[in-house]
Amino acid sequence: MDITLAQLAFPEAVPAITMAHYLFVSAAMFVMGLIGFLTRKNMIVMFLCTELMFQAAGLALIAFGRHHLGADGQTFVIFVLCVAAAEAAMALALVVLLFRHKETLSAQAWKELNG
Amino acid sequence: MINTTLFTNLMPSLLALSPDTSHATAVTEVGSGPKWILLIIGLPMLTTLLCGLYAMIGNKTKLPAWTTVAGAAIAFLTTVAMYMNFDGTPYTVHAFDWIQIHFGDKSMIANFSFYIDTLTIYWMLFVTGLATLIALYASEYMSHDVGTSYCRFFGAFGLFVFSMACLVMGDNLLMLYLGWEGVGLCSYLLIGYFYKKPEAVAAAKKAFIVNRIGDLGLALGVYLTFVHFGTLEYAVLFSDPTLLGYIESAKVGNFEAIPAIAQWIPLLFMVGAFGKSAQFPLYVWLPDAMEGPTPVSALIHAATMVTAGVYLIARTYPMFLTSEHALPIVAWVGTITALLSATIAMAQFDIKRIMAYSTVSQLGYMFAGLGVLTPTGGVYHVLTHAFFKALLFLCCGAVMHGFAGQLDLRKLSGLRSVKGWGIVTLGMFIGCINLAGVPFTAGYFSKDTIIAEAFVTPGASMIGWVLLFTAGLTAYYTFRVFFRVFMGPVEYHPGEEHHDDGHGDESHDFHPHAPGWAINTVLITLTVCSIAASGLYLVGGNSDKHTKHYAETMVMSSTAAYASPYSEHAIHAAHETHDPNAGAGPRGTIEHPLEVPVFGGDPHKMMYYISAGFGVIGILLAALLHGPKGWQGLFVGGRTNAAECRMDPIARMCGPIPKMAENKWYVDEIYAYILVTPLRIISHIFHWIDKLLIDGLVNLFGFLPRLLAWILKPSQSGVLQGYAVSMAGGVTILLLVVFVIILQGGAA
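Residue numbers (the numbering used here), protein chains in the order written: chain X, 1 to 115; chain W, 1 to 748.
Hints listed in this document are in silico derivations from the structure and should not be mistaken for laboratory results.
The reader is advised that the hints may include incorrect statements.
Stated by the list, open to error - Label pairs and their calculated CB-CB ranges: (1) W:A709 to X:V96: 32 to 40 Å; (2) X:A89 to W:P714: 28 to 36 Å; (3) W:L708 to X:A20: 42 to 50 Å; (4) X:G36 to W:L736: 16 to 24 Å; (5) W:Y723 to X:A20: 27 to 35 Å; (6) X:L92 to W:L708: 31 to 39 Å; (7) X:L92 to W:P714: 26 to 34 Å; (8) X:K41 to W:Q744: 36 to 44 Å; (9) W:F703 to X:K41: 37 to 45 Å.
As the list claims (entries may be wrong) - Short, incomplete list of chain X residues facing chain W, as computed with Cβ under 8 Å: (10) L34; (11) F37; (12) L38; (13) A107; (14) K111; (15) E112; (16) L113; (17) N114.
Positions of the beta carbon are idealized from the N, C-alpha and C atoms, including for glycine.
Full structure from sequences and hints, please.
Structure (structure tokens):
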């Protein structure tokens, strides 16, 4: 079993933080991101929501990596961060371009791109 | 190996002639010749490429013509040099390896090499010689078209000479086939030269399609040859022991010993020859081919290309001997063609068409000659005909050129007396007496050889009679043209190509332009050649001393030498030269005597008088019916203007017959009904099957994805959140499914 710093300092007072806690936080972040993405119309907010989902996944990866005492999870998180950074540059550039066309940030404005 | 008793007692000797191998050794040992002979092939190809280059850089001068003339002339000189260097032994010249396929124990070898023997030299001499002359003629004749069309004309011209050289010189049947298709292509290109004229396009297509039928026969024949004899190379093929064995069997009339497949080969070759050489029933394309420029008609459709069929049969003569029916069919088809087209020629009014039908008729003579076992006669007639018919065509072309396309003999008269037309009149006259078979002309000797041989060959005397009658008709229609167009009162009306200021009566403001130096030079040269061609018959030939004349020497030292045992010349040839091939003949009916007396004498000698008689009667009839009135008291004809003559009332008395002959006996119409229309209907049916079934299937496969897309299209709403919801929903459903499976798995 893992023994955290808090447990070392306060063996009695702090209840053990288990895998489930991390996964719960991760899931909560992911669902918040998802709900935000599905409900908001502002493209920048939608973009921030995707970032939230990314980090939720990253948290889960770190948790699993620690659980298995391996470096894989952390390595993957570095990759995810890189991808997120690149994607952020792309997405913001796209948003700026779309804004220049329609003078609005609403995703609804691009409804004519239908099938 | 020839037994000397052959002459004292022919039949037993023939039977005793064993299939000895001297044939094989005589032909198989072919050395290789000097490479400069390849100039004959290469130069025409080079001129074609140069003409294409001139067209690319937009040349507007007569440069293409001079290039072609120079190329053809050098090719001719090379041929002459080849002839001078020829020592009597056939040899091959190898250009490069072409097709070499090995499968099993057989290998198909068809190299780009050339087989040179006397027949090749004989043919190439007049092909390249006439090509040079006619290219020179065309340089003036085509001068209205200087520019891209001029380059196009001479490009196709050079390509034709190249293809013809491949056809004649190739050392295997595949090279022959290559040239065969090449000349067909050039014929198509040049008939359709005036491609803006619908008739020319239709004629080009007709020539191409009719030739396809013949070419199929040739292709199958070449295929069967390879299947049966395992080779396509002349040197190997004609010394093949199997083939020589068949000829031995045929010699004693034992055709059952020859497999059917070997007997089919000549029949298939024959179909090819009939297509290319315009024989019944495939002759219909040649008269229409006159839509092409006249030099083309002269070179391709009179002198050289249409004789390719004769060449094919002469070259593969040993194979024809192995079939019981091939040569009789060749003889009869030739005879029927000769008669049929002569009757059509009698009733035509377009002088170029008359010459076209006359060509078909004369080709019929050549085939009859081959069929009655005198390849010499057939091949000699090719040469004489090449000269005099090219001359006649070029004279007609000069008339057409000078009189704005006028070719109707009812609208031209007395050109003899028009200033500047003397050389054309002389050329026409020399051509006509050759064609009519006036004694001591070349045409007279070559035609006589064929007719006399028909009376000598057992069972062919009927052919002889028909050919004699046709000779009379030939003399009539030939001099009909001459008397109508060149004699009598001067009268001419320009043709359709004369567009001037739109006056009513043309003949007053129309001035024909007389031919220039190029046309006149060519006409004079050809006139001399036509006369000199009779020399080939007279030089060296002496039946008393058993020597062969020039043409016979050339034919009898080639693969066409397997002549009839009944052929007097062949026997003499064997006697003189100890040529093992001569006299080794085929026909089964050897009970017949060597000489069949006709009118109580040697048919070869009697025929000189009889056919001359027929010719003279034909000419006199033409003079009587079409000749001008009282020309120096010589002509009894009463014609005083261009349009009417004494023939008209006679034609009216004959009822519908002249009209039917003028309409070519409705052969084209019959073909249209029994062949073209059903084929058109079938092609429409296939067109609709193609359109509904094949296209339908293809379109169905194109339509299905579109249908699917149409169904799924509404899901692409354009609302970003909508996509996101369906994506998240999809992932959810997937996860649920996975969980359910895992749970069930765990439960189990």
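Unmet hints by their number, sorted upward, for this structure: When the structure is compared with the hints, none of them turns out to be violated.
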